[in-house]
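Modelling step: build the complete structure from the supplied sequences, incorporating the hints.
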Amino acid sequence: ADVTLTVESWRNDDLQIWQEKIIPAFEAKNPGIKIVFSPTAPTEYNASLNAKLDAGSAGDIITCRPFDASLELFNKKQLVDLTGLPGMENFSPVAKAAWTTDDGKSTFCVPMASVIHGFIYNKDAFDKLGISVPKTQDEFYAALDKIKADGTYIPLAMGTKDLWEAATMGYQNIGPNYWKGEEGREALIAGKQKLTDPEWVKPYEELAKWKPYLGDGFEAQTYSDSQNLFTLGRAAIYPAGSWEIALFNSQAQFKMGAFPPPVPKTGDTGYISDHPDIGVALNAKSTHAEEAKKFLSWVASPEFADIYANSLPGFFSLNSTPVKMSDPLAQEFVSWRGPYKSTVRSTYQILSRGTPNLENETWVESANVINGTNTPAVAAEKLQKGLDSWYKPAK
Amino acid sequence: MSETDNAADIVPIKRPVRWHIFVFMLPALIVYSAVMVLPLIETLRLSLYNTVDGQPAFVGLANFKVLFGDPRWARDFWNALVNNLIFFAIHMCVQNPIGVALAALLSVPKLRGVAFYRTAMFLPTLLSFVIVGFIWKLILSPIWGVAPWMLDLIGLKFLFAPWLGQSGPALIAVSLISNWQYIGIPMMLIYAALLSIPEEVIEAAECDGITGWAQFWKIKLPLILPAIGIISILTFVGNFNAFDLIYTVQGALAGPDMSTDILGTLLYRTFFGFQLQLGDRSMGATIATVMFLIILAGVSLYLFVIQRRMRRYQF
Amino acid sequence: MGSLQLKSIRKSYGTHEVLKGIDLEVKDGEFVIFVGPSGCGKSTLLRSIAGLEDVTSGAVVINGRDETLTPPAKRGIAMVFQSYALYPHLTVKDNMGLGLKQAGTAKDEIEKRVGKASGMLSLEPYLARRPAELSGGQRQRVAIGRAIVREPELFLFDEPLSNLDAALRVQTRLEIARLHRSLKATMIYVTHDQVEAMTLADKIVVLNAGAIEQIGSPMELYKRPANVFVAGFIGSPQMNFIAAEKVGDHSAKTIGVRPEHLTLSREQGTWAAKVVHVEHLGADTIIYLESDQCGLLTARLFGEHQYEPDEIVYATPDQAHVHRFDVDNQAIR
Amino acid sequence: MGSLQLKSIRKSYGTHEVLKGIDLEVKDGEFVIFVGPSGCGKSTLLRSIAGLEDVTSGAVVINGRDETLTPPAKRGIAMVFQSYALYPHLTVKDNMGLGLKQAGTAKDEIEKRVGKASGMLSLEPYLARRPAELSGGQRQRVAIGRAIVREPELFLFDEPLSNLDAALRVQTRLEIARLHRSLKATMIYVTHDQVEAMTLADKIVVLNAGAIEQIGSPMELYKRPANVFVAGFIGSPQMNFIAAEKVGDHSAKTIGVRPEHLTLSREQGTWAAKVVHVEHLGADTIIYLESDQCGLLTARLFGEHQYEPDEIVYATPDQAHVHRFDVDNQAIR
Amino acid sequence: MSKARTSPIRTGLVHLALSAYTLVALFPVFLTIINSFKDRASIFREPLMIPTPSTFSLVGYQTVLGQGDFATYFQNSFIVTIVSILLVLLFGAMAAFALSEYRFRGNMLLGLYMAIGIMIPIRLGTVAILQGMVAAGLVNTLTALILVYTAQGIPLAIFILSEFMRTVSDDLKNAGRIDGLSEYAIFFRLVLPLVRPAMATVAVFTMIPIWNDLWFPLILAPSEATKTVTLGSQIFIGQFVTNWNAVLAALSLAILPILVLYVIFSRQLIRGITSGAVK
Ligand SMILES: Nc1ncnc2c1ncn2[C@@H]1O[C@H](COP(=O)(O)OP(=O)(O)OP(=O)(O)O)[C@@H](O)[C@H]1O
Ligand SMILES: Nc1ncnc2c1ncn2[C@@H]1O[C@H](COP(=O)(O)OP(=O)(O)OP(=O)(O)O)[C@@H](O)[C@H]1O
Ligand SMILES: [Mg+2]
Ligand SMILES: [Mg+2]
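Protein chains in written order, with this note's numbering: chain A, 289 to 683; chain B, 18 to 332; chain C, 7 to 339; chain D, 7 to 339; chain E, 5 to 283.
It should be emphasised that the hints constitute simulated quantities derived from the structure, not laboratory data. A hint or two may mislead.
To be verified - Some but not every residue of chain B turned toward chain E, in silico, with C-beta under 10 Å:
(1) Arg35
(2) Tyr66
(3) Pro88
(4) Leu98
(5) Thr136
(6) Leu140
(7) Pro141
(8) Ile152
(9) Leu212
(10) Ala302
(11) Ile323
(12) Gln324
(13) Arg325
C-beta: ideal position from N, C-alpha, C; glycine also.
Structure, rendered in structure tokens:
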């Protein structure tokens, strides 16, 4: 009889693509193995997955969140060590970092996709107002001022209601330019830098300057409000993650472009957040480990990378073999990978292991800073204090 | 009841075993104990354990010490508790009085369209919190503009603010949404209680000149006091367990700046984890235990003090 | 200040007509008693007067004003319910005082009136109890007390004394009579007790199946019942009805003789009969007879008499008190 | 098959003692009536016999077995409640049939018995109605019907006829008497109606404030009341009590004369008195007198008599029926 | 009941108040429904307009209904909800009767024990429950859900029903006892029919969280064959979904069945009231 593998995932948006493209492609090549993609709402995913793993009723293939969430599962021996999986060699150590133990010895998820931060803009609006794409911080503010003065468009489509929008699309988006990407991030982890250092406070100071350019009542503006504001043509610039591309393509009635986070001064090295987001792992309790490994190897193949990245523009493959993107906007995002230095989100690795959770705190403080309820300095101090309370960097 | 009132004190003769009591209790006891109580005890037990050097170990009350001793845990906890008390107070002052009032209006005799009113007013209670959260976020959204537009209609647009995004009003706004959703519960319970008041007692009051409001206050209200007791305790329990609505409206971090964080959201965040925050079953169970003790105190107060004093009238 | 007129009151429950056109005039200060068989509509009529029941047609005129649509509270009435309808959550005292309190009566006035009423009804020991802790008779007295403390112009009593013992009943009856005199209030009263009806009423209304059979003073009804129904209903034990032709009277269909208007003799008399059963009530003796000529007869004798079943006796009707009815059951005068 | 013994039954509500040690022996097939003032504990005693009330001490022995702790359902009794306690959600028919159905009686047998009972109680037209749609008297009849269809050995009736009209009351009373004879069931019956008590009972139990004052046959109680309380309680209007010394009798504290044992004369007699009030009941006339010597007196005359208030008359007691009581209010025999 | 007791002004005011609140209660729902029938742009531009021919669109419904086997989902939801309600009502009423009718040692404590269930969210016991279900082989069966919901509903049912059962007249139950009814018969034939309004209330209260629950279907029965509606439609309410047409359509669709269930139960309530209100 056929072996059926169940894939646990939070990506319910991808259900159609799995059913129509990915699964048929795999099943065609691997008769006797059936795949069922069984997604859960993202908000419920971690909790329900943990419960199912603990009770032993989870699916064979587990979609992995990056960094600690999955590491925890591996440490609990709920995920299988995939270091030697055929196909793993297709990924660079950086790509695998999000799903590798701290000592770098074991990898337990096949990297599937990353997302890149930047800004998506309304090309029609830029053309109408005669604005060119800003390269530096100053040009960025000049552009915003111009849009604001014109009044047709809300300069920046972002709200603070959902908190994470402020942190992810704001802080993590522009931050790497100031803390110099991996350099700063590693220094922070090593305890050589502190969140109260200027490199880390500066992004907050920039964020604080955004307030006047946001729409009325941005405090209660939700993430989907922001998306709608932009796609309905009411806002000019959208601080984005690349995952928006597919949706925006289908909804926006105007031409769009993208630009990477503007650098502080002309000639500065640019940094982008190219963040590993999705991986897949093997449930240690799976009764069909062999078949599942077959599937995982296939996920690690360039073939999968091509299908996936092109069906889901904005989710970029982490495969070493470059994928040719057919979507221009996606191509624009991925094209930054060369000239700009990639880094992952600063709070994801190691630093959010304790309580208080640095990522959560960053959400709260980013929103506070934009709302003006906390000054950048105070916010930074709070974050550092929280971190100090439990994090002792290895000396 | 009366038949056994004084049995214990005086008649020394043993009464035969009343097997029917066991039979009545048994199915509920079994299902409830097996599927609910045992798993919950299993969970609450975790509050006495924690991971020490990667191994689960018995730590006694150490988790509680952390919760109340560690300034950050304590801050979060007290913040949630205070917010929860406000949340509860708003329910008691808004939801329950309005619910009682609506039930009283619905029970006005010979009123046409009662079934429609009742269904319409109960509809929000039927909705899942997903729907409620979604709709109200939209209505209160400054972008979608329904609320400002409506305030504009009555010339009060200047009153509008992005309430859900401001730390002061957010808690009140969420509480009011919750009131809107759950008003059907007091309404239904009180309605059922009002209907069980005998017609003749009301008629006697009519003849006595006790009509309208006075009739409600002096005759009906005392007779439905037990039902009001129930809705109060249900509100209390419900509010101290609430989290769904805040999760959907304000997110797991109960923003802005934790201003809408209540015990339920704190517990769920801690227990199940959130985003990068890993679920901490031990601390979660610790919070759950504290919440349980708070609620238990409230319920015991009700069961052993209030309910015992409250007179019930058999009709 | 308490006159009442009922103008062809009709009341149906669904298709079932309970009141079939009641016309009645009650003068201010009158004491009117409704009697009639169980289920004939007495309570319904009383409730219609109170405004608790919507009449299907007709008008209720109180003090000359049409009050058919006035709410009960505004009709200035007090009512004692057949089922008492006490407020279960209030003490006896508060049950009685609530109406007054609502009307804004001064505290000490309330105190005084409740005190008076509870004295009158021997309720003092129970003032602090709640209805659930009272016996049936005690509850009934509280219901009466609640009505009388309010001293309205129009009292409606629905069988107020039915659960009281004889002594208390006499006492309460006298109190109600006194109340009637002292307040000059109009009272409408439903009872099944013949003694109550005869002693209290200025006017008795005999109802049957939703219609009025006769209205008159107690002695009028006793002495000159308008028809067979009233003749049979008023007086206990019931009047004896004899087919007129059996006793050779051809001018009537039926003749009626009340048990108290039969004299018995062992020697001689009009109708020979056999004793069937004897009831000794102490003050009276009721003798049930079987006669070939007249069928079953009941005789009531004052004092104690010894008759044994199966004895043959002779019953003689008191000719001055023989009632005669025509084929339509109407009295022949 | 229906004997009952009560052995020093006591019952308290909190500190309030309602039954103060009741001893009673009821033989199989006897008809026992409880009378007593309102609140004296009649209903409580009946409920204790039924097992609905836990007695504080004492024993209930039915058919020789101690059943103090037997649940009511197993005592083989039927009971009519003072508050009727009909099942509001069932029709009249189902109200009556439920007990039988529960006992597994065959459908047509239920049908038959319910049919018979409802015929006896004139309830046929109401069989499909619910209690809320019935008049007070109809509800009471349903309650009686519910008890009698079950034909148990022991019947308990709590004022079963108080809401019925005179005719129906007589009829139902006779039905109960017939039932008693035909079923040979033991019946315990609470009533306030003297006629019911006198005519139905084999044995009357007079209760007062939770204790038994006297047990005896109706005529025994009427003729030889054991004490002032019983003398006053049995008989209506109440016995006249006169301070013995006022009338020159020094061997007693009080003497009692029933109203029916006073004769009136305008010319001469033992006690001169002034007429205060006259009640015409048709068959009887009650005359209230005020005498300097004896205080208030009530006289009951058979038939109609014309006396006017303020007239002076002479009342003469029937010496054969004068009751005499000592300082302890006990009868002197 | 009497016309004389209802003045037109008072009735008018009552209607005014009730209509006003009805408006408040219905407005958001109304908003959801009208917008679910509009195209995306007009949802945003004119949220308060009812759909016109130019803005009318069924795209949301097409998306939703095209996704998954909704007939099966509905069937599952109905089975789970109705069976659970029946069990909760039966078991809960039985226990409530025992607790409210009889005095026995430990009555209060037992009452408190049964109330614990309303004090701790059952979700916390998820892991143990799931382990139990795995052990019993009940994962991905509707039975698992029914068991959990029954256990979850019982405490509240006991709490509410015992309060209402206390108001049933003792005389009435005693009349039943005299009539030879066993305690069981008294419960089923007398008490249950008389607390019908409360039973209907409990049924409705029990139904809401069951119907709307996402968690246990997700954990205990996520398979395609056992999915409930709520679980089936949750894919439209993900974090990154901005397909408002689909969201609004899914929400509108989700309102309907529970409304139907409510109407069924509240009709029971009305019947309970008209048959049992008066002695
Ligand atoms: N639950 C109770 N708590 C306190 N006292 C009570 C309670 N029930 C009855 N009583 C008191 O017990 C006494 C006896 O009551 P019971 O009902 O037996 O009287 P009864 O003889 O039947 O009177 P009635 O003829 O008026 O029906 C009364 O004084 C009553 O007030
Ligand atoms: N709600 C109702 N629906 C249908 N019929 C009713 C309703 N209420 C009363 N009835 C019927 O109306 C008739 C009159 O009832 P009512 O209560 O007026 O009688 P009553 O004269 O007071 O009798 P009783 O002396 O027994 O109290 C009765 O036959 C009764 O069955
Ligand atoms: Mg009546
Ligand atoms: Mg009694």
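How the hints compare with the structure:
1. Arg35: Nearest chain E Cβ about 7 Å off; hint holds.
2. Tyr66: 14 Å, violated
3. Pro88: For proline 88 (chain B), the interface hint is violated, since the closest Cβ of chain E sits about 26 Å away, which is over 10 Å.
4. Leu98: 16 Å, violated
5. Thr136: 7 Å, holds
6. Leu140: 6 Å, holds
7. Pro141: Nearest chain E Cβ about 5 Å off; hint holds.
8. Ile152: Where the cut-off is 10 Å and the nearest Cβ of chain E is about 4 Å from isoleucine 152 (chain B), the hint holds.
9. Leu212: 5 Å, holds
10. Ala302: 7 Å, holds
11. Ile323: At 12 Å from the nearest chain E Cβ, isoleucine 323 (chain B) fails the 10 Å test, so the hint is violated.
12. Gln324: Holds. Min distance 8 Å.
13. Arg325: Hint on arginine 325 (chain B): holds, closest Cβ of chain E at ~9 Å, below 10 Å.
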